[in-house]
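There are 2 protein chains.
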Amino acid sequence: MIYLDNAATSYPKPVSVINAVKDAMTMYGANPGRSGHTFSVKTAQSVYETRAILDEFFDGYGAENVAFTSNCTSALNTAIKGVLSQGDHVVISSLEHNSVVRPVHFLKEKGIINYSVFDVAETDEETLENFRKVLESNTKLCVVTAVSNVFGRILPLRQMSQIAHDAGVLFFVDGAQGAGVIPISMRDMKLDCLCVPGHKGLLGPMGTGALLHNGLDITPLTEGGTGSRSFELLQPDEYPDRLESGTLNVPGICGLKQGIRVVNLLGVENIRKAENGICNEIYYGLKSINGVKLYESNRDENLYAPVLSFNIDGLHSERVASLLDKKGVAVRGGYHCAPLAHISMGTRNTGTVRISPSFKTSKKDINILLNLVRKIAINDFI
Amino acid sequence: MIYLDNAATSYPKPVSVINAVKDAMTMYGANPGRSGHTFSVKTAQSVYETRAILDEFFDGYGAENVAFTSNCTSALNTAIKGVLSQGDHVVISSLEHNSVVRPVHFLKEKGIINYSVFDVAETDEETLENFRKVLESNTKLCVVTAVSNVFGRILPLRQMSQIAHDAGVLFFVDGAQGAGVIPISMRDMKLDCLCVPGHKGLLGPMGTGALLHNGLDITPLTEGGTGSRSFELLQPDEYPDRLESGTLNVPGICGLKQGIRVVNLLGVENIRKAENGICNEIYYGLKSINGVKLYESNRDENLYAPVLSFNIDGLHSERVASLLDKKGVAVRGGYHCAPLAHISMGTRNTGTVRISPSFKTSKKDINILLNLVRKIAINDFI
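As you go down the protein sequences, you meet chains A and B in turn.
The opening residue of the first sequence carries number 9 in my numbering; numbering runs sequentially from there.
The opening residue of the second sequence carries number 9 in my numbering; numbering runs sequentially from there.
Rather than coming from a laboratory, the hints here were simulated on the basis of the structure.
It cannot be assumed that every hint is accurate.
Which residues of chain B face chain A? A few of them, derived with a C-beta cut under 8 Å, are [stated by the list, open to error]:
hint	residue
1	26
2	105
3	342
For every residue, glycine included, the Cβ atom is placed at its ideal position computed from N, Cα and C.
Using the sequences and the accompanying hints, generate a full structural model.
Here you go:
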């Protein structure tokens, strides 16, 4: 199988990550932060190390301001719902995933908030202009993705954050496709909150995610046992306990720690350079095929991360993905849980075929993919 | 180390569970339900098998009515908050864990609901009488634990469920300490909802849990990508998608499947018999030690699951736990995230030392524990 679906989850995981998960199940097998015995303390230390490494990786606001979640979606729900109140206005981009769109839309349907969507345009200047226009006097929060999960488009986070803060608006980032793929510094970019999955660019196992914040006041989405202040009937105020109810995914968290170590060892910039090179080859290869439609005029590496969408004239994206699958190439067709992106890019009827390579994707793999697409495009497919 | 903290998380996990987690990271490494390619479908099938095995294990209402969560706490929060509305009244027992107490108390503090606590008494008859007394005309929901995580006390679920339903009240069970430990049949006991952790009695990895229900209408706590109905801005209505936003913990879920297989192979009744025997030995051993206080007059196996609390006169429970830890015995001291239980049992000042053995606990381990407690009790501890 040629796996080109790394935007869904990265595969294969480094062997050291798999071993870290396995080892954690024996070495760190106690419930961290619950009991005071040595085994539990040792487990808690291992969990803390992952907190610290995440904080360092994203240049965050201290390990205590890193909360583990089960995935990026739960982090986003917690962050978004945890800061909004009746009458607030929210701003999101046209490229948001349903992990942002749906919680925001739900709050609107409940009559709690209102929201506006700004279009991500061909140039960053236009995008920023569109962004400025939708800010209102009661805008409390802006949530944007770092990278579109459909088109790979990178958003101008630094400038947007500046505009948001100048208007007194909180600025949250969905790092689902950006974490481990493009450099993200919370302090440099002045992000109030960053939500990340552990299992994509950070190379950790599925079932991991994190909410990093700058210490702002977030009302938790769940309450429960935290192993702290057991006698208080209300959730403790301290971070990270406030946002971490119930038993953590210790094997996953230990695997994630190793995943980030691998990313650090390789270097985000090196990974990005390699993946951009691969994506460029695919992009220009696809561009040379008659009947293939692409959705950007170039692959400027400042504007695009290694996620690419295309279509073949006259075929639904899922049909194309299914034909590729029959020949052992795993890509994703359809809407990729990002409805607004398809409205704004005019792919509402067909969805797109999404290719998301990794730094391990070989030249041979690329050639096989391109040859298959060529055959499908000329209807020469057995 | 002698591990007697299985109520926090079971340890060691069966080797086959560890292998299942490890294998899942290579064999089921795609994101299930997201892409249509063979690898993703194969992963989704493996996840579905766990759903089906959970449904069968708890005699539930179909695999589609089993939703995976990150732990029992998130399942309880989802279930509780998902059915309550302004003005509702809730009933909980005096033995509830903070995973039930805190969400309910939070809703009360927000002015949304009111709740009453009924005392679990020496006999089931009294308990049921206490339960009946707190039901009000606007009681919407009763949530009780199957087994106290501090004292091992089993609640009369079947009779309570009958009383609740006769009064038109939903009956939810927190299976944190009961799942895999005592037999629980949702259909037989007429449970509307059962929340379970995967990492305790079911022998799966930390980071797993499930919400099983009878198809009732639960408003989700989080919305996001479900891989289904991507174009709808609201969460899909269908179960389990409605309650499962974002990427699932596939390695954990595959490990949980193997954990339940091991439990099935051994048989819940056999496990229970073995663990009750071990607990009885510990109970009567402790009872014979001067200065040791126990909290039940007998260990009737219909009333108690294998979790046991004690104290030593003049010592805080955490001090005792720490002394035992120094000699390599892992137990938990303190409040165990169950404040109401300590108020009702008069252990508010000291907490309790909790012993939770497993079916693997040996006679030798028991003797070491009892000898150490004896030494601590006579202050002969180096």
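(message) Please check whether residue 342 of chain B passes as an interface residue: C-beta within 8 Å of a C-beta belonging to chain A.
(response) With a closest approach of 6 Å, the residue 342 of chain B hint holds.
(request) Return the status of the interface hint for residue 105 of chain B: holds when the least beta-carbon distance to chain A is below 8 Å, violated otherwise. (result) 6 Å, holds
(message) Can you verify the interface hint for residue 26 of chain B: is its Cβ closer than 8 Å to any Cβ in chain A?
(response) 5 Å, holds
Checked against the numbered hints given earlier, the structure satisfies every one of them.
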